[in-house]
Structures are given as C-alpha cells and as structure tokens.
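4 protein chains.
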Amino acid sequence: MNGKIGLEEHFAIRETLQDSAGYLPNDCWSELSNRLLDIQDDRLRQMDKNGMEMMILSLNAPAVQAIPDPRKARELAIRANDELAEQVAKRPDRFQAFAALPMQDPEMAIEELERCMTRLEFKGALVNGFSQVGTPENVVYYDAPQYDPFWAAAERLDAPFYLHPRNPISSWAQIYDGHPWLLGPTWAFGQETAVHALRLMASGVFDRYPGLKIILGHMGEGLPYSMWRIDNRNAWVDAPKNYPAKRKFCEYFQNNFYLTTSGNFRTQSLIDAILEIGSDRILFSTDWPFENVDHAANWFDATSISEADRLKIGRTNAAKLFKLDRR
Amino acid sequence: MNGKIGLEEHFAIRETLQDSAGYLPNDCWSELSNRLLDIQDDRLRQMDKNGMEMMILSLNAPAVQAIPDPRKARELAIRANDELAEQVAKRPDRFQAFAALPMQDPEMAIEELERCMTRLEFKGALVNGFSQVGTPENVVYYDAPQYDPFWAAAERLDAPFYLHPRNPISSWAQIYDGHPWLLGPTWAFGQETAVHALRLMASGVFDRYPGLKIILGHMGEGLPYSMWRIDNRNAWVDAPKNYPAKRKFCEYFQNNFYLTTSGNFRTQSLIDAILEIGSDRILFSTDWPFENVDHAANWFDATSISEADRLKIGRTNAAKLFKLDRR
Amino acid sequence: MNGKIGLEEHFAIRETLQDSAGYLPNDCWSELSNRLLDIQDDRLRQMDKNGMEMMILSLNAPAVQAIPDPRKARELAIRANDELAEQVAKRPDRFQAFAALPMQDPEMAIEELERCMTRLEFKGALVNGFSQVGTPENVVYYDAPQYDPFWAAAERLDAPFYLHPRNPISSWAQIYDGHPWLLGPTWAFGQETAVHALRLMASGVFDRYPGLKIILGHMGEGLPYSMWRIDNRNAWVDAPKNYPAKRKFCEYFQNNFYLTTSGNFRTQSLIDAILEIGSDRILFSTDWPFENVDHAANWFDATSISEADRLKIGRTNAAKLFKLDRR
Amino acid sequence: MNGKIGLEEHFAIRETLQDSAGYLPNDCWSELSNRLLDIQDDRLRQMDKNGMEMMILSLNAPAVQAIPDPRKARELAIRANDELAEQVAKRPDRFQAFAALPMQDPEMAIEELERCMTRLEFKGALVNGFSQVGTPENVVYYDAPQYDPFWAAAERLDAPFYLHPRNPISSWAQIYDGHPWLLGPTWAFGQETAVHALRLMASGVFDRYPGLKIILGHMGEGLPYSMWRIDNRNAWVDAPKNYPAKRKFCEYFQNNFYLTTSGNFRTQSLIDAILEIGSDRILFSTDWPFENVDHAANWFDATSISEADRLKIGRTNAAKLFKLDRR
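Residue numbers (the working numbering), protein chains in the order written: chain A, 1 to 327; chain B, 1 to 327; chain C, 1 to 327; chain D, 1 to 327.
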C-alpha cells in the first residue's frame, strides 16, 4: 500500500553515532552508520520505493538515557532535537519527529518535552528505556514516584511516549553473561521493555493520568501473548491485587498502549496482537536502519489481514494518533 | 472431552511443602498445602469431574534445585521419587511420574534419571530451572558444558525433560526488586525459563543430541510469539551466527520442544502456538494445584480449535510421547 | 458485556405469523409463535438478562417478499411497519426498527422506505431476499435494472439495507428436492443470500451508488471464507471482467457490506471474518427468536477477540452505523 | 519447500479436451489445451521449478460425468484411465493416478474402480460431481440408494474419492441464469460440490461405510466456515435429526473428509480450515492447469502456518493417505 507511516525510525547525530556500534558485526558498520546519519537522501529513496509516505524520526539508542550526568543528558537531547527539527523542516510532508528526553531529571525532561511539543511541533517522545542517573550503576525506571510530574505533563501535552528498548546493564541481568547473542533485539530488548511497561502499569500512573499513551515496538515486546496469564495465573486465589494500581494489567494495556510492527514482521504474531489489543492500537513501523524498509513493507503489504486493517495499521491509526492530517 | 492427560501436575512431600509457600496469599496456604500433599483423594475427584484420565506427577518447585549441597539434593530427589513411585503404584491407570533430579551434580542426575526411567518406570524428568550449586549464589544453567553427559543420557533413555520455571535469585534480576508482583507466574517465571531454553538452543546440545525432547509449560513461556524475531532481527545483516549451535533457534524449537497449556488458558495464545509449532507438539496440562483442574478443563474442552487437535492436545500427543498406550 | 445492540431480531404480526411455521418442528410452534408476537415482555427480559440494550426489530420471513401482488405486499408492509412503529414508541431506548418493503414494485418500495426513514424514524430496511412478483414463479432479484431508482433512494436516505435470507422456490433449486434438511438456516439460506449479494456486487449498483450499505447476517452467509477465490480463480488468465461492475467483487464487499453474527456463534468464523473484512464492519446480532439471546450473548461475551473489538462489534459499530447515540 | 505432492492436477485426452473450453476466455485456449494435453514436458518443468515432487493426476471435467449413456461413459473412462496409466508408468516417481469412473452405472463404476485400484495401481478416484444418466436432464447424486454398493467397494478397496466440482445444469440452478460470471470456480462449483457433500453426510453412507475417505478441493468448498451453523442453527430446538444419518454433519466432516488447497491460496481460509478440521486432513494441491503451479507453491511455501503443518499439508499427509512411501 502507499501512504504508510512509520514511527520507529531512527537517525543519529555525530555525538550518538557510536551508541549503535556493537549491535551488528563490524563489517556492517559502514552501511549502518551511513544509514543513521542520512535523512534526506537514501532514506527518502527507500521510503519512495516502498510506499512509505512518512517517518516519525527518533534518535538512536541508548544515547541520552546512558548519560548519567543530567545536564549533559539535557544538552545532548536539546542538540539532537534541534538538529532533528531542522531536518523535519526540510520535508515536513515526509518527516516528523519524536523528542529525545533527559529523563535523568524529571524537571528537565518536562521542560524539553514541552519545548519540543509546543515550539518544535514534535509528535511525542521516544525514550530508550531506563536512565542511568548520576552513576552508570544507578538505574532508574519511570514508574518511580519522582516521574509523576513528568507523566502529568505528557498527558497535558497529549504527547504519546514511545518506550524503546535498551539492553540491561550487566549487573542487573546476569543471565545473559557469556551469552551475548541473547542481548539486543534477539531477546533482551523485549524482556527489558516488557518489564518496564509492566512496572508502569502496576504503579498506578495510568490511574492518575488516564490519558497517557505509551507506544511499544516490536509487536508489543512479547506482551500480547502473555497478557492473559499475567492477570489470570492462580485464578482460584481470590486475593487483592498486591500492587499500587487499581485495575488489572490488561486494562491499562488495552487502554493506554499502542504497538508497532517494528522489527517483528510475523503474520502469526500480528494476528495474535489483533486478537488481544485490536487493530486500532497497532501501527506500522520498520525499525530503520536496523531493519530494511523493503523487508517491513513487503511483508506488511501482503500480510494476511483485512484491507480495512491494513489501511488502519499502515496509515490512519498513526494519522489519528499524531493528528497528522490536520496540518 | 474425556481421557485428558496432564503433565504439569505437582505434589509435595513434607520436606518440600514449604517451597510452595509465599507464592500465594497466606489465607490460601491451608488449601494449597492440602492440595499438594493429597494424591489419591481430592485430586482424583477433580480429575474425575473434569474428564482428566491421567496426571503425570512432578515434585513442587524449586525443591531439589534450591539445595546447594549436591548430596542433600540427591537425597531429597531420591526420597521424593520413591514416594512418588509408591503413589503411582496405587493407581498406575491414573498417575504416572516425572523424576526430580539433583542437577547440581550431573553424574548424580544421570544416575537418578536412569534409576527412575528403568527401575521406577517414570516417564521423564521435570526440573525446576537452574540449580544452585555449592552456594546459593552459584547459579548453574544446563547449557554449561558439564551437562553434556546428562543430555547424552536423557537422549539415550528417551526421557522427555520438562523445564519448569523458578524465580531468579535477587542478585541476578534486580529489575524485579521492589516489584514482587512481577515474580512467579505473573512474569518472572516465563522470562527465566524462556532464556534457559534459548541458552540450551544456542549451546549446540541439540546438534549433539538431536533426539532430546524438552517440554515447556505455560504455552511455551512466551517463546512462540517472539520466535520469529529471535532469528530474524536485523535481517539485512548477512552475518555468521555468533553462538555455538549450528542452526537457527527456531529449528531447535520446532524439532526438540513441546509446549503445554499449563496455567495459560488463553485461546488466542493457543492459536498462535498452533501456527508456530503445530498441534503435534502442544499438550494439555493444568498446573495443579496452582491452577484449578476445572478452569483448565472447561477452557480446553471449549477452546476454538478443531476436534482433531483437541484430541491430540488433550490426550494422544501425550500418549504417544510417553508411550502410555503401550502398557 | 452490557449495552449490546442486535440487528437481526424478528417479530411477527398476526398476518405474517404463519410464515415462520414449518421451519421448526411442530412441538416448538407454541413457543416460537409466542416469541414472535411478544415485544415488550419476555423479549425485554431476555435482553435484560443477557446485557442486550437494544434490538433493531424486523418483520419475520419471507412475509412481504412472498406476496406476488404488489399492492397487497405494500399493504402488508405498511401495516407491519406501523405496528412496529407503535411498539418502538413505547420503548425507544430498547427498540428501534427496520422497514419491511414491498420490493415487488420499486416505486412502492421507495415510497415506503422514505416514509419509514423520515416519518417513522426507522433505521433502515430489512428485506427477505428475492421477491415473487405477479406470480409465485416470477422470482426477481434486486440487481435487476428496475431497482436502480430504489438503490438511489436508499443511498440518498442513508438507509442500511439488511439482505435477509429466504428459501429458494423449488423449481429454482432442485438440488434440495427430497433433502429438506438442507433448506433454511442449515444451508439454503446462506447460498441463496450469498448469490444475491454477489449479483448485486457484479451488477455495478455500487459503482452508481457507492454510499450503499448492505448488511448480511450469519457471519456473512459464507462469503468471507470464499471471497478471495471469487476474485482470484484462474489467476494466470489476464482477462477483462465479464460482468457489468467496474471493480473486483471483494472491493464492494469490503466497502459496502456489513456482517452480523446472527445465528453463527462460531469463534473460528468470527476470526476469519475479522481477517477478511475487519472488525469495523461486523456487528452483534442474535436472530431472535430463531436463536436464543443467551446462546448468542454467552458466546459473544466470551469469544476470543480483543476487548476493543468486543465493544465495537457488540455495540459501537451499530451505534455509529445507525446514529443511535445522536438521539 | 521441496517434495510437495498435489492431488487436484488435471490432464485431458483428445476426447475430453473440449470439456475444458468455455471456462476461460478464448484467447487462453491455446495455452490451456497445451497444458491439459502435456504430461511429461512443461508440467514436469513447472513441478521442478516449484518444489513439487508429485502430481496425482485426474481427468478434466466434467468429462465422463456428462455422458448420459453409461456404456459410452464407461468406454471413455477406460480409455482415459488406460492412457493415464501409460503416462504414470513413464515416471511413477513423479506421477500417480486417480481413476475416472462411469458413475452413471454403479456396477460399472465398481468394476472400473476395482480395475484401476488393483491392476493399474491407481491411488483412488476423482469424480466430477453428479452424473447425467440416460438423458442430460436426469441428474443423479451419489447419495442415491443405488450407490450403496459403490461406497462399499470404495471402502473395501480403501480408495479415497475426490469429489470434484462441476457446474449445475441450467434448469437446476436458475439463480445463475444471465450471470455466467458466477458459474465455475467463482461460485457455482463450490456451492454444487458442498451440497453434494452434505447430501452424502446426511444420507447415512458414512454410518454404513465408516472407512470412506472423501476429498474436497478448494479449501473445502466453503464448508469449514459454515459447518458449525449447519449443525447448530436453532440450537434451542431440541429436535430429532430429520435426515437418515445417525450423527451430526460435522462428525462426518471431521472423520471422513479431507480438504485440498487447490485454487484457494488464501492464508485466512487455510487458518480457518486448520481450526475446523485440523492440519492432518488438509493437503496441498494446485488445480493445474486452471491455476499456476507457481501461484500455488509460492503462496504455500510462505503461508503463515507452522513448519510442521507445512510439511504435513505439503507432503506427508498425502504420502500417508495414498501410501506413497511404501513403494
């Protein structure tokens, strides 16, 4: 189909380029780094060839989240967002933007989100998982109470928040030690991000800010398949929930979350996602440059769903969520 | 349907009973401990009422795996297996057995598996994830090289190996700290067991012992939904695999693994599993006493699959895998 | 779920009651006739018990369509519509109406549709398949050219048109002779209605009146499963379409048709329909009194789809299609 | 995948070639007639290119079934079967055969089936729907009592019976008059064959000969989607079945029927079929030469099912059903 919109589509600036090294074999680095730094050239050709009208761009990972010093994190975020705004201004018909945010300091994050949403006309934020705050070992997730004002701001600004993966630090996930092939998109990304999402659900933040919209990539980081069991294990036990939130996990998942197809071009999983969360909350994405646009598009254009859902997932859900057709 | 066979069905002996405390609220303990200790009484009534002909019984968790001293682990395993053999002998038409194994010492594990398979006529083994060896902090997974002779023995004895979940120890999974509601069957069980399974696949053990049969509970611990991405992320990168095994993860998954429905009574997930691994490798189970037999059976008897698959998943796959009809 | 809306829900007036005899065994007649004649009593109790907020009511079958004399057909339609309007007026919060139409004469049909839509505030029309015109053997389908003004009117009035089944007359479908068990809802209803729908698609009426909305019951009368083959058989043959319409059958199906679940409470078929036409075009219905409200509701409330789709199919699609919430 | 086996794969002899004219536009006739008459040349190239190891060949339609004179029908069947046997003898590793049968006379049909199964080593029979007997208007279906000895013979010979479509004669299906685009594979083939299959189910023939194996092409001629409704309409009516057979339609469908993918290369429908009848009863086929081998194979090799099911549907189900690996 033509007119597809993608929303997990990355770029790098010089300062963050090296963050993407190491995920792929060395002999891919030249290609990958070119892909990350390019916006107006090959990227547009790939989009043109594959019926992709728009990318909502975001900084590569982990970038800002891996800078323990909040002021340096903020500085980098601002620089990246400003560079991105310039690129978008050249082709606003083809590119829009997600903000990078210095989540190390909730106040700074709010300030930058507000600047991006109002002055730069960004479409939301994309954050690469937990932040390291102060020291590399001080890992902070956004269900922590100090983020409450941030979520209030995200709701107030109606800014969808894309929770993008990153690898756990080694001391937090020893199970992968000596098994580097399980890190990154193979497995660790999904587990890390799914747990972060579950922590948010359990925290009660969606009770306080029911208008929050969280986006998960990679067909939901495994959550759709397991969501029933998450709420229903030990069903004979009539016990009060033991977490702060008021409702079942699945209610937040169904009401506050959106999924994208980034990097998970599997029809079976897409069908399962449709049967769990419904096609109104699933959105096409490629995960460029870590995945090819043609791989994503060829699969999606032919995947075994209704044409009505293809249009929604491929385009109109995004147009609605990000108010793209009101320009 | 009548004649259902289940294979994630637990019991406890006095020495292991406390291992099941703490998972459920205190006011359930009386009921849960009764359920665990009973074999011939209420358990059979539940089975009778719900069309369940047979349970292949296994010790509760983590039990043997959590005893760092290998000799004590062996002692407990032997005692549990002997007690189980006695119970099975009373109603071999209704109960069969999986061996508990002192995996802390591969030689002891081999010896006990051999004893159970040949002398006690057990149907395989059920092991509760990693073992703590020597000290509680020394966590050992079975992809470690010292387990190669064990896997050789399991293949030689044609003993299906049920890889059952346990919680990670705290220092290995800090992400759950302060979020106990994510432990156990809600989430941590699945993640822990899925990674253990992936480590086995990557290790090459299935290249060396292609006849191995590994069983995963809970509809595959999330793996079916993510299996495509595990092998296909970054598909434009034409790189050699960076793990010891020769083939893709999914090939081992499709050829050496079986899934059960234990504790995951979700039709959508079952359909996805059928479309990923096929109905010949999915088997009914309840996860008694942590789940109710009626919850499992009522769901399964009505779940939206073909009657042919209902018969296979409910009964004949197990009869074939465990050679139950050749008695 | 509560708040369900159904739109294949029948009643009879004295003059049409006998039309429903013969479909069911004689010993059901007392119950069936009571069900057909009742509106405000047991019907409402069934709805209350099963979370059904509203029924859009329609006359039983074949009724008006089986009266060869157009004026008598019109007379009956008017009487039925007037009686229905009176019933709806008593509980407009629980009942709305579809018009019966004397399709024997397109002009009369237009006139009565207009009267019902504007003066009686009906929500559309429900017509029981082909009409017998002049003589019982003169069978007329609505793809005939004389119905063009009728379709123009239906589009202009934005009146959804429910194409309800009836049995073929014997000389038109000898294959059922001596096999009465294949008539009615078992098989002949579906075949008859599916072909009528295909004839409409091929006729070009949707090219001329693209705003037409046709509703099919019984999960689409078999069409979703076969729609691909209808357009794609002999795919190597690059031939011009040999029917009057401009586009493929499936394009009209996807853009001009809605399906209901009436009398087809099968999860597998619902999933297939979702994957063919999308959940925005599927609507809950029971087919009362030929089916039980509890059978429909118990199935639907638990069927294996997303909660988002349950809400849409159960209620909001109908509310939107019939502008029910704008009252 | 390699090694695929197909079983709705047609050829013509000179005498039957014209039977295939008229289904396709005239400018395809040269290509189609070449395809029908060729066996050892382009057909094998198509198979080689698309991973198809074997075709079980059958005569085109309606051929023998449309010859009212039984002796002439027999004569033609014998000639076609003998010619086919010669072709198969040249490449028994690539071709096997279904018998054409003069069903006009049950005794002749038995005799020819026996000759084909025992002397010619055919794998079963393929019959093109009803037969015209004596006169073109005398249409006979095989649920008629005179076919009982035939079904006894088919069971005794363990000969799977492929019930292939043909168009109804005009006087039997007036609904298609003036709508030729609904004839053939678009719609009429499926309806005609589905009803024939339902008549067989209702007749009790599967009670008397439970070993019968009937094969339906085109993903089951629409039956899987509607099978539930066929048995469950009017579920509140507790009535005795009103047809001769002892059990529900679906029980015969599930126990005596096999489906092929011929001409229906739709993943959604395949998934529905798997969820209705199970993957052990679905078999790959192309419908050559009316469909392309590459269309069938490219779809099937990538369709969203498990690899285990791909192997079964693509090859091993056929190998088992026709005992092909015992050569």
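Possibly wrong hints are sitting among the right ones.
Each pair may be met inside one copy or between any two copies, as identical chains are not told apart.
What the hints assert, rightly or not - Here are the simulated DSS-like cross-link-like pairs (lysine-lysine), alpha carbons at most 30 Å apart as the crow flies:
| hint | residue 1 | residue 2 |
| --- | --- | --- |
| 1 | 90 | 248 |
| 2 | 49 | 246 |
| 3 | 248 | 320 |
| 4 | 248 | 49 |
| 5 | 323 | 241 |
| 6 | 72 | 323 |
| 7 | 248 | 72 |
| 8 | 72 | 49 |
Hints in this document: simulated from the structure, not taken from any laboratory.
Note that the coordinates shown come from a computational prediction; the quantities given were computed from them, not determined experimentally.
- Query: Can you name, in rising order, the numbers of the hints this structure does not satisfy?
  - Reply: 1, 5, 6, 7, 8
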